[in-house]
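A.B. asks: Now for the letters of each chain:
Number of protein chains: 2
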Amino acid sequence: MAKTLEPKTKEMEFTSIGQRVPKLDAWDKVQGKTMYIHDVKLPRMLHGKILWSKYAHARIVSIDTSKAEQLPGVRAVITGYNTPEIRCGFIKDNPVLKKDKVRQYRDEVAAVAADTPEIAEEAIKLIDVVYEELPGVFDPEEAMQEGAPLIHEDKGSNVLKLPWKMICGDVEEGRKQADYIVEETYKLPFVTHCCLGTSGCIAQFDAKGNLTVYSPTQIRYLAQKDFQEALNALGLKGKKVKVIQTAIGGGFGSKLDTYPFEFITILLAYYTGRPVKLVYSREEEFFASPGRQPVRAKISQGCTKEGKLTFRDVEMILDNGAYTSWGATTPSVMMMPISSLYQVPNIRYVAKCVHTNNIYSTAMRGYGNPQATFAIESQLDTLAEKAGIDPWEFRMINRNKPGEITPQKFEVGSCGMKECLEAVKEKLQWDEKRGKGNGRGVGIASLIHVGGGARIYKSDGCGTILKLDDFGKVSLLTSASDMGQGSETVLAQIVAEELGLHVEDVDVIMKDTNLEIWDAGAHASRSTFVAGNSALYAARKAKEEILEFAATMLKEPKENLYLRDRMLYSRNNPEVSMTIDKLLRAAHFRTNGRQIVVSEFYDPPTQMLDREMKGNFSAAYTYGVHGVEVEVDKETGQIKILKMVIAMDVGRAINPMAVEGQLEGGGAMGLGYSLMEELHLEKGKVLNGNFLDYKIMTFPDMPPIESVIVETYDEKGPFGAKGIGEPPLVGSAPAIANAVWDALGVRIRELPITPEKIVAALEGKKGS
Amino acid sequence: MAKTLEPKTKEMEFTSIGQRVPKLDAWDKVQGKTMYIHDVKLPRMLHGKILWSKYAHARIVSIDTSKAEQLPGVRAVITGYNTPEIRCGFIKDNPVLKKDKVRQYRDEVAAVAADTPEIAEEAIKLIDVVYEELPGVFDPEEAMQEGAPLIHEDKGSNVLKLPWKMICGDVEEGRKQADYIVEETYKLPFVTHCCLGTSGCIAQFDAKGNLTVYSPTQIRYLAQKDFQEALNALGLKGKKVKVIQTAIGGGFGSKLDTYPFEFITILLAYYTGRPVKLVYSREEEFFASPGRQPVRAKISQGCTKEGKLTFRDVEMILDNGAYTSWGATTPSVMMMPISSLYQVPNIRYVAKCVHTNNIYSTAMRGYGNPQATFAIESQLDTLAEKAGIDPWEFRMINRNKPGEITPQKFEVGSCGMKECLEAVKEKLQWDEKRGKGNGRGVGIASLIHVGGGARIYKSDGCGTILKLDDFGKVSLLTSASDMGQGSETVLAQIVAEELGLHVEDVDVIMKDTNLEIWDAGAHASRSTFVAGNSALYAARKAKEEILEFAATMLKEPKENLYLRDRMLYSRNNPEVSMTIDKLLRAAHFRTNGRQIVVSEFYDPPTQMLDREMKGNFSAAYTYGVHGVEVEVDKETGQIKILKMVIAMDVGRAINPMAVEGQLEGGGAMGLGYSLMEELHLEKGKVLNGNFLDYKIMTFPDMPPIESVIVETYDEKGPFGAKGIGEPPLVGSAPAIANAVWDALGVRIRELPITPEKIVAALEGKKGS
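Residue numbers (the numbering used here), protein chains in the order written: chain W, 77 to 844; chain H, 77 to 844.
Chain W on its own, in the form it takes in the complex (with noise of 0.2 Å):
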């Protein structure tokens, strides 16, 4: 099926797609020239800065700002008392400025604009505030507790009010069903994003009210609706709001999200009438920014003697923190592991996000994935290992397919499950390595991701604009956001392989709401497919038109010309041979002549998910496997990692040198989450938000990481590709856990999974 998009002839060997074609962004970037918002400077521009609440729970007695005012070089103290009320996240129930009462160590009390940085901390430290504080709580299940203290009054209670629950079949039936069954409990610390480049923004108005922010956003057309709220506050409804990007400097779902800072930014603005810059210092960032939220998951899973998944019931609590970001949502991608990794007939789901003082979370890579998976793919070893299969023979026989349908409604296209499971067990010489028990193990670990696109809101739709010049250069303003994963490279090369032009030849602008169509931003691993299917339609387009004009001139039926390597050819004619640049000049300075100009706007054919959570809301599919192999010392916990294999169905490889950097991404940034990342927080105060005490993966720690790719040309995606951003994070920690139950037979349910843990279970196996 797919596989006829593979090239037949000469004339349609690609000459971009499948090319290890370097980031387009890499020179400016290795040379500094890029500009990140840290580095973006307006004439008059004030610096910005927040003061934070010095509390987990407290009431807010009084602010006095005067002290703060009379400071030389200070243009405005704005607080919740002399500022119109702005709320904003997932459920509006975060006031940017807070008054009365403050819920989290988070919580922004009062800021300051001035004329520098340091003028800005310093009247920070002149603003008194006085408060009384409040018992807090900072266990979600504590939480849960009547007479607990509750995060927000009116609410009435802790618990969210959110549909996360999720039938399929019925799995009493599938328990009665199954001839083994395990029920376990897993547990997910918090963990955050660490971006290179901390989060900030810059707010201007024009002199007739109309807003523009700077900012270094994910998305910046939803982030376009939710500053209207800021002019809406502000009395000016109805002008016009812009949304600038700047340079990425790491997004990772960190910045999917709009935040109190950024409206803080915009009111500052507002009341001195100059740009206001506030950027967060790596302090901030590590306390400020939300992260991927902890989750407490109670699983059980059954099967048949032969090894058949009978049901998969999950519960899980979900730690909200004091406000709602996008962290409460992710259980609705949870869901997709839960529902459709592996065919399992019978499926139970429910979801709680409780409010505590401790601070929230939001997206972050895979959102919601890896912890599901994690506790997912965890408890399948020991699940095989009870019904007496290999850990291997067990996902064959339980895998996914092409063309299933899953219990949740997903329609599955390509799925190469099988050949990633194959990929990870020959690199991982896995017959040879498991159940030596020796110290040495290996584990694997599935995963499922959406490969194309996901509706999560109204429009998951991407647009583009192509627009061709005299010189057979392109200008592609795509909607589409690249925060370092390649989408610029990609949708140049894409485009450039339609065009028969040169990636050099294709000028990618990604960068402002008043430029480029309407995008959903970058998340769900959906840039490729739904920007790189906007940009292949106008390409598609645009070549109607090129070769419609080339056919007209020189008599020549359309359907024997083509392009290739700059160049216009005919397939039956030799003689026709004509440089591109020069058939664009053609085109345009003739009679009635016209640049070459398309636009499109691509939105996958999916659906929102129903009210019973179901639906086939990505158009595309991605799976993938990780395979690893650990060195664990038995005296010590240490673990050494000793090689990673991450096989992915990537559908094609647009670009294999950008997917390998996916896939490395990926799996450091889950040796990370498996190993050794944790915000430490005590009753909601972060301990370590600081690169010494949080440890991230840095290049002495990586382990070598073997990436296969998978190619199975999804009929749906540009040129058969499926979204690869997310997944090669998502199946990492389940490996390693795997492979360390293959070493030492001890079962780590608790990310991360620290030399402590080890020595813990150790002596807990000794004991039992």
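FYI, nobody ran anything at the bench for these hints, they're computed from the structure.
Hints are supplied without guarantee of correctness; some may be wrong.
For identical chains, the list gives no copy identity; a pair is met inside one copy or between any two copies.
DMTMM-like cross-link-like pairs, simulated, lysine to aspartate or glutamate; straight-line CA separation at most 20 Å [what the hints assert, rightly or not]:
no.	residue 1	residue 2
1	Lys117	Asp191
2	Lys117	Asp104
3	Lys587	Asp282
4	Lys301	Asp546
Go by the hints and put chain H onto chain W.
C.D. replies: Frame of chain W, contents of chain H only:
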């Protein structure tokens, strides 16, 4: 005919067209927020400076840059000897850095890039150039003589080989038919644009060799093409050039070409690897930015006893200066009034452009038309007097009429010359005031100008991309350029009108060759007509899409639907009523939905002039009449302008306030040209290159100007409009000269009409 464009029903009454909309850029300009090239700062930016020639004509014996190179903070010193040759200008006779020889004081001998402007200036002084002075020639007639110094030895002659000759009918036959003939010589001076924003640019290479130039150019696409030459010279053929237009602080034609300073800045950026900014000082702007070319015109015209013109015979000599920019092509526009101002059956025109060691000229508002019209319209009064016919009557007899085809084959569509003549007659109280001869007098002069573009290039087109967002706002990406004339506002009005939106809903984006479609530049008074039609047709396409969607959604016939005041209505069904933003969201957020984006490329239906210099090179023609009342002091020759009336047939005033702005601004510039402006050169050297010694009109100098807008609704123009940028300048000088004649009986045939010249003429009159 075109009157059918008038609104017929309430629903069709205009909401934006015809409104006095303040210029959209006014707010930012008065608040100092507009970013001129002077305001743009890039990280690590260096500052460039040029070493100008010390002589009008000399051999370069040697250039020693060693001392300059050793000055700390100097990053590059370039000359014609250490850089590849790049030539610029209309016939590429101007090497951007001079070698072997200098030919004018404006010659660029060396240039420096340094950390600060001060260091660059210091470094320039450290460059030792040894010259060997050559004899110069500073008068074009002397330059034509045998044995005159040759400016370009390789050309063999100082007279340029240009095709400036036009014959219509038979001038000798016309002479025979004439009862009265007048033959005279007129002389026009060197004047300059006096842009308040001096010339300048910033050049920057990215890490891959692609070039970005920030420039307040009027021709960003032709500049983009020109700058490719720099890349070719540097071995970077095939790399991309992007021109980003910064706010233009006045253009008037001075920024219609590319000049050596821009290529020098590019070279400095290339050799330093850093962005380089080069901005002229005011003194440099006066001598180094080319102005309007000096002209000597020998003209004879004849008429019958009844006052019908029988022929017009014009010979011109233009001082071309040392190199060739657009000044040398102004005869192509001078042909227009010579052939087509009034009905003249027999015409001959010959022009010679002659090299001298003076500084060269370029385009300037009117582009030759003011010089030619001064001669024609001054002489017309003399001829009318000779024939004993009132000059106003004389003009009515010979006036142009709608629908006529002129001898140069211009297809006149709308023509309000009669209405303009009548309006000026009335406003000036012509019958009461004419012919009193008591030191007060009235004078008039007509004009023709292109009003529908001018096909001076293979394409006279302009592109538009229109993008409508979810908030009912429009991004209008237009390749037009606003240099103060108000195009931004006019285009927003056109789009707002067509889409039933408000002007403030439209964001006009005109800045970057990579974003907007091609355009021929801001010249020939073409923006309202060409960019206006482009925007209008784009808006019509968008409207069509909106109404089609609305018709389907509301099940209401499309023909019944219309957009007005941010609402959709039905003509027949009062229950149909919906805000446009809601409608756009409905179009977006549906299955297979999309945001509405359209593009348009409009190239007017015109012809390039043929070998005989004939053809309909504009799609519409603008007519106008200047009327002036003067009072002249017979003792001192001081002229006081009591009143100036400017009546212009603009087709349709899309923005009457903006039209008045053009009429008053053009009138002011015309008054300066008529009464005071002249760049004095002594052996090629500018003597009065500053605002103390070079006089332009200031507020206290301004007489009352009465603007009369005549609307003829040209059927090809957007909503009936024609171009009006240049015409209000054109007839000023002859109207004043004619009024002076009426006041004193002396004829001043040389601009500016200074008190000295009047006193001298009065003395000559007494003497004769």
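A.B. asks: Quick one: which hint numbers does this structure break? Sort them smallest to largest.
C.D. replies: none
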